[in-house]
Amino acid sequence: MRETALRMSEVLLETRGLCVRFAARRGAVARAVDGVDLRVRRGEVLALVGESGCGKTTLARTIMGLERPAEGEVVYEGERIRYDGRFLRDYRGKVQMVFQDPMGSLNPRQTVYEAVAEGLRIQKRPGDEALRVADALSRAGLRPPERFLELYPYELSGGQRQRVVIAGAMALEPALLVADEPVSSLDASVRGEILKLMLDLVRETGVTILVVTHDLGLAWNIADRIAVMYLGRIVEEGPAEELLSEPRHPYTRALLSVVPEVEEMEQVILQGEAPDPTRIPAGCRFHPRCPLVASGEAARLGIEERCRGDDPGLHAVAPDHTAACHALRGAV
Amino acid sequence: MSDPLLSVRDLHVTYRGERGVVPAVRGVSFDLAPGETLGLAGESGCGKSTIAGALLRVLPRGTQVTGEVLLDGEDVLAMKPGRLRAVRWTELSIVFQGALHALNPVQRIGDQIGEAIAIHRTADDTRARIAELLETVGIPERRIDDYPHQLSGGQRQRVLIALALACNPRVLIADEPTTALDVMVQAQVLDLLERLQRELSLSMIFITHDLSTLSDVCQRTAVMYAGRVVEEGDAAEVFARPAHPYTSALAAAFPRIGDQAHRMRPSGLAGDPPDPRSIPSGCPFHPRCAVSVAECPELDVELWPAGDRRRAACIHARDGAPHV
Chain A
1 MRETALRMSE
11 VLLETRGLCV
21 RFAARRGAVA
31 RAVDGVDLRV
41 RRGEVLALVG
51 ESGCGKTTLA
61 RTIMGLERPA
71 EGEVVYEGER
81 IRYDGRFLRD
91 YRGKVQMVFQ
101 DPMGSLNPRQ
111 TVYEAVAEGL
121 RIQKRPGDEA
131 LRVADALSRA
141 GLRPPERFLE
151 LYPYELSGGQ
161 RQRVVIAGAM
171 ALEPALLVAD
181 EPVSSLDASV
191 RGEILKLMLD
201 LVRETGVTIL
211 VVTHDLGLAW
221 NIADRIAVMY
231 LGRIVEEGPA
241 EELLSEPRHP
251 YTRALLSVVP
261 EVEEMEQVIL
271 QGEAPDPTRI
281 PAGCRFHPRC
291 PLVASGEAAR
301 LGIEERCRGD
311 DPGLHAVAPD
321 HTAACHALRG
331 AV
Chain B
1001 MSDPLLSVRD
1011 LHVTYRGERG
1021 VVPAVRGVSF
1031 DLAPGETLGL
1041 AGESGCGKST
1051 IAGALLRVLP
1061 RGTQVTGEVL
1071 LDGEDVLAMK
1081 PGRLRAVRWT
1091 ELSIVFQGAL
1101 HALNPVQRIG
1111 DQIGEAIAIH
1121 RTADDTRARI
1131 AELLETVGIP
1141 ERRIDDYPHQ
1151 LSGGQRQRVL
1161 IALALACNPR
1171 VLIADEPTTA
1181 LDVMVQAQVL
1191 DLLERLQREL
1201 SLSMIFITHD
1211 LSTLSDVCQR
1221 TAVMYAGRVV
1231 EEGDAAEVFA
1241 RPAHPYTSAL
1251 AAAFPRIGDQ
1261 AHRMRPSGLA
1271 GDPPDPRSIP
1281 SGCPFHPRCA
1291 VSVAECPELD
1301 VELWPAGDRR
1311 RAACIHARDG
1321 APHV
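Residue numbers (this note's numbering), protein chains in the order written: chain A, 1 to 332; chain B, 1001 to 1324.
Bound conformation, chain A alone (with noise of 0.2 Å):
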């Protein structure tokens, strides 16, 4: 299917044909996540890009095991992923996730020592418990680590307890830190320290990251690649400057050009707010909103029954870029 063969090595996780669904109300199902594939590479930094309502959030949480999906899986180095207790304690040994809001995540009740030290307790790991969890303050940014010790969560700045958050899930080596809108809780200046400090955990250790966000800002500060997702599917994947500077799929066009951040793009604001899962359209699931079939281009393209009628599905349009729309069909 992609173009691009990649060697399994360079896989870290992948997910093949996720779907995630959901009850809502009068018997109607969410279809949150609705057919993903999507490669997380070794110690990339991976955005998950979309706005609220698309997926991203139920995707990430599908990839830590928090929800189970109802069709497709979720492979972590080349091994299927089980919902059996025993296999979850030693996944989540090896795949952390941080929250948006690192208060929700803390223990009000626990100092800073206990926060970090409980994963190092539930995963039984051997060693210095007091060294691990001096080194992992400090490897966060929070030096010196005795400082912070015996604090409790009010008395510390939201950037601080971000950072105790990430030294929770750090202290425990993973080889996977599942991100979701870490920094948007944060005040604007303090912020970029945060991302600092995952690009320097990339680099100091290896480990992968995947962020989820809707802030595109982010994704040229801190992503290799970027994934935009629209309503349970992604619709465009591809290199982080590539895709921001040449955005393909008319939805990633429309987000970009309505970004503050962008200026020379003529802004396409789309109309109403993010669609309903428990009401996917036929055909391409963007088309309703889709300024090429409003304004006549598909019609003139001659796809437009097509965009009515046909799941466009991933396709390559550049080296290691893809996208699904009917309209860059035979782009490469």
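Because the hints were derived from the structure by calculation, they are not lab data. Don't take every hint at face value.
Output of the computed footprint for chain A on chain B, the stretches with three or more beta carbons under 8 Å from beta carbons of chain A [stated by the list, open to error]:
#, region
1, 1177-1187
2, 1243-1256
3, 1262-1270
Some chain A residues flagged as far from chain B (calculated, every beta-carbon gap over 10 Å) [unchecked claim]:
#, residue
4, Arg21
5, Leu38
6, Gln100
7, Lys196
8, Glu261
Glycine is no exception: its CB is placed at the ideal position from the N, C-alpha and C atoms.
Given the coordinates of chain A, assemble chain B onto it according to the supplied hints.
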């Protein structure tokens, strides 16, 4: 330049609560010309939302407010309650942040807007006026009897805007009106605010931490830090060529996509925004500043001229040499 519609002179706001005395705003002055949009930028705790509260006098009881807020020359802070009620919503009005919480969840949206109209008796046919307002903000009239939970986040924010416009105010204060919204919905709401500002000749104060948004929406921007304005000037210029090192850091937090200087190089500031209860001495930014010099901890900073209609509260601006 025409006379300012709104002129804030040496505003100080001090909260007094269980946790002691908190000087949230420490001497802020700015002017708003008719039809102008002014941006107030800064992070949490810098005092920007407190200013919004002070302009409308909706701060907690016991809060000490000094200085002047002159609306057409009349001091809002000195108004008697009756006069203040008449001015609120009809002259000065606000769109609060957090569309999820600012609406009454058990009242139909039409009734909430109608209430504001009825109190101020600004329209004879209330129902028709509500429908007109909803249409202005892009909500179909048939939603008039909906409850807030039946609306999406973007629609609720539109209802709040309709509510703020109910009595034809001249000054609209928008406090983080797009913060909780998705980027596409944000663009829709910003587009709406810009259109309204133009069509209704509104004067607007736009409060946010996002400098890049301000550079799009506003003519002028004032950047706040620790309860004071630290830089002011043309909005696009302030964002593109900051004169204060704090503004540079804030601008860098929202990198321009395509700018190689920020590709794989996120930048931020060491430390955290200061606690208003213990503001550093001298220039309050000095502990986080990369270009501070020996004098900064004792320096009595003020807004020094830093170019064309630009002022900055930085020793480097005083000395005439831009730091960046």
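>> Hint by hint, where does the structure go against what was stated? Just the numbers, ascending.
In response: 7 and 8
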